[in-house]
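**Q** Let the hints inform the model, and build the full structure from the sequences given.
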Amino acid sequence: METLTSDVAIVGAGGAGLRAAIALAESNPGLRIALISKVYPMRSHTVAAEGGAAGVIKDNDSFDNHFNDTVAGGDWLCDQDAVEFFIHEAPKELTRIEHWGCPWSRQADGHVAVRPFGGMKVERTWYAADKTGFHLLHTLFQTTLKYPSIKRYDEYFSTDIVAVDDACQGVVALEMRTGQLRFFRAKAVIIATGGAGRIFPFTTNGAIKTGDGMAMAYRIGVPLKDMEFVQYHPTGLPGTGILITEGSRGEGGILVNKDGYRYLQDYDLGPPDPWPRKKAMELGPRDRLSQAFWHEQQKGRTIKTDYGDVVHLDLRHLGEAKINERLPMVRELSKSYVGIDPVDAPIPVRPVVHYTMGGIDTDINGATRVGGLFAAGECACVSINGANRLGSNSLTELLVFGARAGRAAAEYAAAGGGAAVSEALVTEQAEAAENRVLALFRRTNGIEDIAALRRELTATMEAGAGIYRSEGSLQEACAKMAEIRQRYASIELRDKSNVFNTDLTEALELKSMIDVASALAVSAYHRTESRGSHQRLDYTDRDDEKFLKHSLATYAAQGEPRIDYCDVVITRSKPGDRVYGGKQE
Amino acid sequence: MRETIHQLEVLRYDPETDTAPHFQTYAVTCQEDWVVLDAINYVKENLDRTLSYRWSCHMAVCGSCGMVVNGEPVLSCHAFVRDYPEKIRVEPLANFPIERDLVVAIDDFVEKLTSVKPYIISAEERPVESGENLQSPEQLAVFKQYADCINCLLCYSACPQYALNDSFIGPAALALAHRYNLDSRDEGRSARADVVASNPGIWECSFVGACSEVCPKDVDPAAAIQQTKIASTVDYFMRFLMPWRKQ
Chain A
72 METLTSDVAI VGAGGAGLRA AIALAESNPG LRIALISKVY PMRSHTVAAE
122 GGAAGVIKDN DSFDNHFNDT VAGGDWLCDQ DAVEFFIHEA PKELTRIEHW
172 GCPWSRQADG HVAVRPFGGM KVERTWYAAD KTGFHLLHTL FQTTLKYPSI
222 KRYDEYFSTD IVAVDDACQG VVALEMRTGQ LRFFRAKAVI IATGGAGRIF
272 PFTTNGAIKT GDGMAMAYRI GVPLKDMEFV QYHPTGLPGT GILITEGSRG
322 EGGILVNKDG YRYLQDYDLG PPDPWPRKKA MELGPRDRLS QAFWHEQQKG
372 RTIKTDYGDV VHLDLRHLGE AKINERLPMV RELSKSYVGI DPVDAPIPVR
422 PVVHYTMGGI DTDINGATRV GGLFAAGECA CVSINGANRL GSNSLTELLV
472 FGARAGRAAA EYAAAGGGAA VSEALVTEQA EAAENRVLAL FRRTNGIEDI
522 AALRRELTAT MEAGAGIYRS EGSLQEACAK MAEIRQRYAS IELRDKSNVF
572 NTDLTEALEL KSMIDVASAL AVSAYHRTES RGSHQRLDYT DRDDEKFLKH
622 SLATYAAQGE PRIDYCDVVI TRSKPGDRVY GGKQE
Chain B
507 MRETIHQLEV LRYDPETDTA PHFQTYAVTC QEDWVVLDAI NYVKENLDRT
557 LSYRWSCHMA VCGSCGMVVN GEPVLSCHAF VRDYPEKIRV EPLANFPIER
607 DLVVAIDDFV EKLTSVKPYI ISAEERPVES GENLQSPEQL AVFKQYADCI
657 NCLLCYSACP QYALNDSFIG PAALALAHRY NLDSRDEGRS ARADVVASNP
707 GIWECSFVGA CSEVCPKDVD PAAAIQQTKI ASTVDYFMRF LMPWRKQ
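Chains as they are written, first to last, in this note's numbering: chain A, 72 to 656; chain B, 507 to 753.
Bear in mind the hints are in silico, worked out from the structure with no lab data behind them.
Honestly, I wouldn't trust all of these hints.
To be verified - Stretch-level coverage of chain B by chain A, calculated; a stretch enters the list once three of its residues show a Cβ under 8 angstroms from a Cβ in chain A: (1) 518-527; (2) 612-625.
To be verified - To list a few chain A residues with every Cβ distance to chain B over 10 angstroms, as calculated: (3) 139; (4) 193; (5) 612.
Quantities reported herein were computed from a predicted structural model and do not represent experimental measurements.
Yeah, the Cβ is synthetic: ideal placement off N, Cα and C, and Gly gets one too.
**A** Below, the structure written as structure tokens:
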């Protein structure tokens, strides 16, 4: 196996990975940077984010507001030191990417425009129409082309992190074009592979969001933190799960049930008027809105379709001109994929898996407990999102913590990396990783089918670990995941070609999905309380006494992960009630 | 929901075993709201694990799944099966080497994109503390359309000039160069001129407009190329008339 040596290797070239690469190149132009991704950077799923990125910039806003919104939105499970850093860095990062050319939408006077978003007290979401993630990703990607020290390895599928004596030595990756494995030897590695929404059947996440980076870190002993917290976005198109941005409610859209009734007023989010109004009704936080849908469905007040129940997102009162200016993609997506022009008719929507709040356990620098291994973006859990992320905090997060992890990795690498380790052990580990892939590639007599096993996995997660959970449903999910893990050992590839073999990469992705889904189900089973996006039908209250804590799932080669807990960092906001709607006044 | 059976004729090519590409036909029962990508995914999941293609977002923004369907370059996630006859022929994008099945090698585009310096070039980098650049909605509107390019490369597949002459930088990369040239925050037009204006291709671009016709995001690269030609011509003459003028 060929070894390619660099100072820092980044796995994942979406928003966080690209931002980390630029931070590395700028802080130390002498560093050799390997930017490795299983897709070309512009295909990364940051591209699909729509509504915007939060950062305090206007005179009517304050850092305290952004802090309080984020911490309460996260049901007090956020680390407040990380949130503090985040909110202060946010406007700087958003300004920086403005300087790099991001086409932010503007006010008439030329200043950047902001729009209201769910759970935010003041409008502070910068946006580029409703294609913010797309513009942010392309601006970052195009900006990386300036730096000769960033060497890209596009369509290289990373399979394993190599670590010896708790110090990271690099990653092993498959060159998809040739089927050859390479050892990317590096002093530091940054994981920036995004979320794992594909472990659910109905998700806004693209096909590539299979949790590979989370699983790689997990398998070398880095815990996955707060994995039980999965965000359902309240407005996805039925069937495809295509995201209809929260920006459409920020601009004034309303949600109604089958009777045309704005049902959110029945769930502590009303009264409905005046509208639009911050932190109320349709501008409540995502967890509350998705849970309200579930209750409406129980009451039989949702609308039946071929793709499950829906409610209606009504934008008609915004008028065609405003829809075209602010929400052009929403209009186009709705017309194309459900045949509804939102100018004339309400859009059918239902809650859809959107975001993993949990992820690789890191400190505020993005550093993990393995020396030289960093993580940033959705794959990481710093944690600023706690039990429920507020819309438009994630694009900002990947800039702020992508940059921070990049700088931290630059320092680590410039200082020479970790202590010297046995070269024989490094080689042995890298070869073991290579041999695992080759064994999978060559295995015969397999009886399990990759696509069928993946369908069983996603169905298991939806049934057991959806918007509402219970001991029974989670027990079943954990047992089924254990079974799927066993059966994975009996899969066999049907494609034996070395060239762009997606049978092989899907098999590798399925392994990641199994690891991440198991950690999620077991973490959820052990959290016997309801907090944010984790709602238990059998433990309906928040239990700060026992569970004002982060969960940490540690991989076990055999059997279920071990679950431990660590304290949440509380600096200036004591846990209180999350108040939305009229009760705020 | 209404279902129809389609014969999906898919181009297959594995350089390890095939001397030439060939077609393989799959019968797929499609629902009326399916896109061509759904039918291909059905094949991959249920009929043939060896089929290779790229896809991710399934919402026409990541640009991965460009293919030629019944002769037209399209995003397969945005091409509805109901708009096609019973026989649907699926081929990789034209004008790029086939890597495997529906996967083409796009190295040439990535190099060309890099060559046009698609990033803000300014004499001095402003510190973030100085705040945002002011840019009016009108100034934004001047380039916004060209910034909407998702790099799906349907335009290269459709471009008769690129088919003849692969040194032509091509529609998407030229549109992106133009996007930065038009941005009120940018001062890099002369730095890009070496590559853009001197590229023989742009003068040979015949304004057929095939690129703009197939563009799924209404970027209109043909307009960008025509505007680039005009701007370059003006630059050329101004050099003699007003040699002191900043380019």
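**Q** Does each hint fit the structure? Answer for all of them.
**A** So, going through the hints one by one against the coordinates:
Beta-carbon proximity to chain A at under 8 angstroms applies to 4 residues in the segment 518-527 of chain B; the threshold of 3 is reached and the given coverage holds. Check result for the segment 612-625 of chain B against chain A: holds, 7 residues qualifying (beta carbon to beta carbon below 8 angstroms, three or more required). Even its closest Cβ contact with chain B, about 24 angstroms, leaves residue 139 (chain A) beyond 10 angstroms, as expected for a residue assigned away from the interface. Non-interface call for residue 193 (chain A) relative to chain B: holds, since the shortest CB-CB distance, roughly 18 angstroms, exceeds 10 angstroms.
Even its closest Cβ contact with chain B, about 38 angstroms, leaves residue 612 (chain A) beyond 10 angstroms, as expected for a residue assigned away from the interface.
Violation of the numbered hints given earlier is absent; every hint is satisfied by the structure.
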